[in-house]
Amino acid sequence: MDTKKIKIHEVLTCNPNDDVTSIAKKLKDNNERRIFVIDSEKKLLGIITTTDLVYKVLAKNKENLKAKEIMTKKVKTIDTSDELNKALEIMNEIKSFSCPLTENNKIIGLISYHDLVGHVFSSLSEDNKNEID
Amino acid sequence: MRLIDYLNDTAENLKVKTPAIKEDISDYLIRKDLKKYFSENIPDEEKTRLKGDLEKRVENTIDKYQNELKGFARKTATRGSMGLALLNDLSGYLTNVPFASVSGFAYALFALKTAAELPALYRYMKKSHDWYGATKHIALKPVNYLIPIIGPALEAGSFERMVKKRLISEAKYGFIKEHGDYVSFEEKIKEKLKTPIKDAVVLPDRSKRGKYAAEETPAIAT
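Sequences listed follow chains X and Y, in order.
Residue numbers for the first sequence follow this note's numbering, so the first one is 1 and each next one is one higher.
Residue numbers for the second sequence follow this note's numbering, so the first one is 1 and each next one is one higher.
If we strip away everything but chain Y, and leave its shape as in the complex, we get (with noise of 0.2 Å):
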């Protein structure tokens, strides 16, 4: 993969991740996990149908966790405690203070970020029952507290990143147990038609056959 691919891939990665907008979830899917369902040859009557299906799923699971990604009081506190030990990051980089005096208030500030966050990490994971994605997201924690400026900035909206991608694949998985392996119908037409005949019919007791058969005028061999 090149360079700008791989570039190309993560901002498109990012964009999903960041704003919690139906259409581009669906989209998102539709381009990279769920593409077998809806390439070229799938007609375009099922691609609907199928979109539709998965705009619909999306938006029901995005009702699921509305309150974790749009709690207000929740964003204010963490954004701006993040916003605030970012500034105190770069101040103390600028100033040449050294890190150890002022990285105590960013602590407060990681903390006073985390202890806002609780209640909805309690009612995500009430719903969710996401233990990877909660436990990733609690570990990457302290490694972002350690690294100056950078660390804020992705502790920022973490929270949010692990919901969204939780709520990602809880519309994909589902999509996927709904219509399985994507086969056209035609496909399956076909595969039915292959069954035999004796496995699709119920055959007539032997002696029954012919309704009105020989039995009323013997056979006689030309």
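Same shape as in the complex, but just chain X (with noise of 0.2 Å):
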């Protein structure tokens, strides 16, 4: 058996300057709570969730903002260069099963706990494996 690697699951990106209306429908055309918004360079601005747009758009009934205003500007991520325990790190400050994961500033996707804690386990598998051939 070989060592399970982590999937990168893929993510949604909006530009700053996207419509609230058009990142909605991109989440529900797309079926994803989160998108990040970058910019020209790929570079990791900010990131908007549902609740965001329910928040600072809905409840307030502000339907002309652009991206780059109700976006969440400090964006917990990792990179590429990290160690796995600060994506655990950031899961457990943020609350989340997910850290965005980026290679120089740049998003890459997301790493989920679920695939972080099967890549340890089988990791571990394979070693006790070998120790015992």
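Treat each hint with caution, since some may be false.
Among the chain X residues that face chain Y by a calculated CB cut under 8 Å, a handful are [unchecked claim]: (1) K5; (2) I6; (3) I8; (4) I78; (5) S81; (6) E83; (7) L84; (8) A87; (9) L88; (10) L101; (11) G109; (12) H119; (13) V120; (14) S123; (15) L124.
Computed list of lysine to aspartate or glutamate pairs in DMTMM-like fashion (alpha-carbon distance at most 25 Å, straight line) [stated by the list, open to error]: (16) Y:K192 <-> X:E126; (17) X:K42 <-> Y:D199; (18) Y:K35 <-> Y:E55.
Worth flagging that the hints you see were computed from the coordinates, not collected in a lab.
Glycine included, each C-beta is placed from N, C-alpha and C at the ideal position.
Fit the two chains together into the complex; they arrive one by one in their own frames, and the hints show the way.
See the structure below:
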């Protein structure tokens, strides 16, 4: 059995000047709950969740807002050069079962708690098997 | 090491080499050679699991050498001959008969003992290939032959001691081979979590990063 690698879940992205209606449509069409706001160089600027749309747009009846006006700017991310435990720390900190993965500040995708734990245990099983062999 | 510690240690070693009881051998290994696997910082559950494995291993090894440890005919012949040899030496010593006068009978008893254990020694060698132990056992015979009184006493259980030593060694190294240098489960996980993410993930092609990404709606810098 090979060690199970962590799957990177692809993410939805938008531009900072996209309007909230198109963002909501994009989320609905792709059955997603979060969208990452990136600039022309694909560098991560922020994140918009369905909660943001409800609280910052629908509740205030402001449908003409842009992505950059409702996005959460300080997105906790891990870089590909970081260690796995940093991903766990961030998931614990933001109380989420997934964590955005970046490389040189460019969003790559999401890694999930489930996949991370699966990878660690698969790797331990592999080590154990090798020790017995 | 103080003398009392040395004597306690020796007594403990002798105790374990005397009875072929699973618990005694397991306890000996837990206290001595495998103590790092059972130290205070190892969780009780893990210790129980490791102890269970060790006992099973010892039991299997005892089963393997059962015939060599318990052979009734051989034991009767070897213990009987050495008992007689000891009594012969003792009587010679007490009656002031020159040692040379009684040693012939003692040598005959030693020869009888050696002959009685030859089939068991052959079976033992076939199973264990323990050339070191067997050579040591045979090499010590002439020495024991030459020491009156103490020689027969030492020689009496020497074959069983050799087998038990081998048994302990097989159980011990089998256990170490399976469990390796003990690292707690927690430590193993911590070590795994130090893996750089890039080594643990399958990175998508650069062109495919961002499923619904900016290709659809060209990104505009803020």
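Cross-check of the supplied hints:
{"no.": "1", "hint": "K5", "result": "holds (5 Å)"}
{"no.": "2", "hint": "I6", "result": "holds (4 Å)"}
{"no.": "3", "hint": "I8", "result": "holds (6 Å)"}
{"no.": "4", "hint": "I78", "result": "holds (6 Å)"}
{"no.": "5", "hint": "S81", "result": "holds (6 Å)"}
{"no.": "6", "hint": "E83", "result": "holds (5 Å)"}
{"no.": "7", "hint": "L84", "result": "holds (5 Å)"}
{"no.": "8", "hint": "A87", "result": "holds (7 Å)"}
{"no.": "9", "hint": "L88", "result": "holds (7 Å)"}
{"no.": "10", "hint": "L101", "result": "holds (7 Å)"}
{"no.": "11", "hint": "G109", "result": "holds (7 Å)"}
{"no.": "12", "hint": "H119", "result": "holds (5 Å)"}
{"no.": "13", "hint": "V120", "result": "holds (5 Å)"}
{"no.": "14", "hint": "S123", "result": "holds (5 Å)"}
{"no.": "15", "hint": "L124", "result": "holds (6 Å)"}
{"no.": "16", "hint": "Y:K192 <-> X:E126", "result": "holds (12 Å)"}
{"no.": "17", "hint": "X:K42 <-> Y:D199", "result": "holds (23 Å)"}
{"no.": "18", "hint": "Y:K35 <-> Y:E55", "result": "holds (14 Å)"}
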